[in-house]
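Undergrad: Next come the chains, spelled out residue by residue.
Protein chains: 2
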Amino acid sequence: MSLPSNIVPVPLPKAHRLLNHGPTVLVSSAHGGRRNVMAAAWNMTLDFEPPKIAVVIDRSTYTRELLEASGEFVIGLPSRAMAATVVKVGSTTGHDGDKFAELGLESYPAAKVAAPLVAGCVAWLECRLIPEPHIQQRYDLFLGEVIAAWAEAEVFPDSHWQFPSPAQRTIHHVAGGHFFVTGEAFEVPGRS
Amino acid sequence: MSLPSNIVPVPLPKAHRLLNHGPTVLVSSAHGGRRNVMAAAWNMTLDFEPPKIAVVIDRSTYTRELLEASGEFVIGLPSRAMAATVVKVGSTTGHDGDKFAELGLESYPAAKVAAPLVAGCVAWLECRLIPEPHIQQRYDLFLGEVIAAWAEAEVFPDSHWQFPSPAQRTIHHVAGGHFFVTGEAFEVPGRS
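Residue numbers (the working numbering), protein chains in the order written: chain A, 1 to 192; chain B, 1 to 192.
Be aware that one or more of the hints could be misleading.
To be verified - Taking lysine to any residue and the SDA-like style, the derived pairs with C-alpha atoms no more than 25 Å apart in a straight line are:
hint, chain 1, residue 1, chain 2, residue 2
1, A, Lys88, B, Lys88
2, B, Lys14, A, Thr61
3, A, Lys88, A, Met1
4, A, Lys88, B, Val188
5, B, Lys14, A, Arg34
6, A, Lys14, A, Pro189
7, A, Lys14, A, Gln168
8, A, Lys88, B, Pro189
9, B, Lys88, A, Gln168
10, A, Lys88, B, Ile135
11, B, Lys88, A, His160
12, B, Lys14, A, His160
13, B, Lys88, B, Ser159
14, A, Lys88, B, Val174
15, A, Lys88, B, His160
16, A, Lys112, A, Val56
17, B, Lys112, B, Ser159
18, A, Lys14, B, Ile135
To be clear, the hints were calculated from the coordinates, so they are not data collected in a lab.
Every value quoted in this text rests on a predicted model; they were computed, and no experiment measured them.
Excised from the complex, chain A in its bound form (with noise of 0.2 Å):
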């Protein structure tokens, strides 16, 4: 599918703004005409500009596998409605078989990178790889720069956080099918 006109391009220096509260998302990566997606709560920015990112990938994934050979990721940002697929996400293997295929998500084509862009989410993440073998191989922990950014209009409307309803709320995993939306928003005064 191509991109739909109500998701637009996020500015790099807000790009920071998407995963701040953070929010459970997905990863998903592709090589030689093979993709895979997986669920990943351990997630945060790590700066503002150049956006960077660093995300916990177990070394059984097959995201993992296709994310070390072409050395790019997207990171997207799963709604309420998606919970019970990134639960199926998060629980089943890219090792046997298409995932997307088997769980019936749609993609899209992402501009700077080979991984997909995951139909149904409300923003994305492209990443390139920062390569630093030690921590990969000693906590599964993975860097990526932030070299395109994308949300739904209406969700992310001038780089602010809406989310019109609830069932296009980000969410934050607790554990097994447990889960958190993100709840209201409120402001400290005296900061803008």
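Please build the complex by placing chain B on the supplied structure of chain A, with the hints as guidance.
TA: Chain B only, in chain A's frame:
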């Protein structure tokens, strides 16, 4: 202050659940009779057992100076009721004087490290630095092994988040004075 009786130990194999949902935290450290505390949205779980965490700590912070000197730190999870304090902690420096005294912060002694537990948080992770000088220098990225953990009994009973009141919910920083509160819990059927 000594540790109140409603603050109970969290078994280390369950400690990963404290950061899994991506809350914003306070990082405290102490060395040679001095102490400090900072705010950190950029943190994540790194491993289950032994439990490990990762956190980004800017090179300009006094917290980092004390952390690097002592090899220890504490991660505290502030509640919604503490959000204004989190912003103050994040916008003042400990280089000029004791931030606890300046901001009227109380603390409890930790069990295994010199860094204090900041009162008002709903959970804490006592950490021993895992020295990785290359990523500390290059990315401000610090890894720690969790060697003790604590939570308010009514907020994390039997190692499950409950959040009996809105004021006790954990928080997720976006930018400036903007936050989300941790929202409603939900469960995806078919997984326990």
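Undergrad: Where does the structure disagree with the numbered hints, that is, which hint numbers, in rising order?
TA: Those not satisfied are hints 1, 5, 9, 10, 12, 13, 14.
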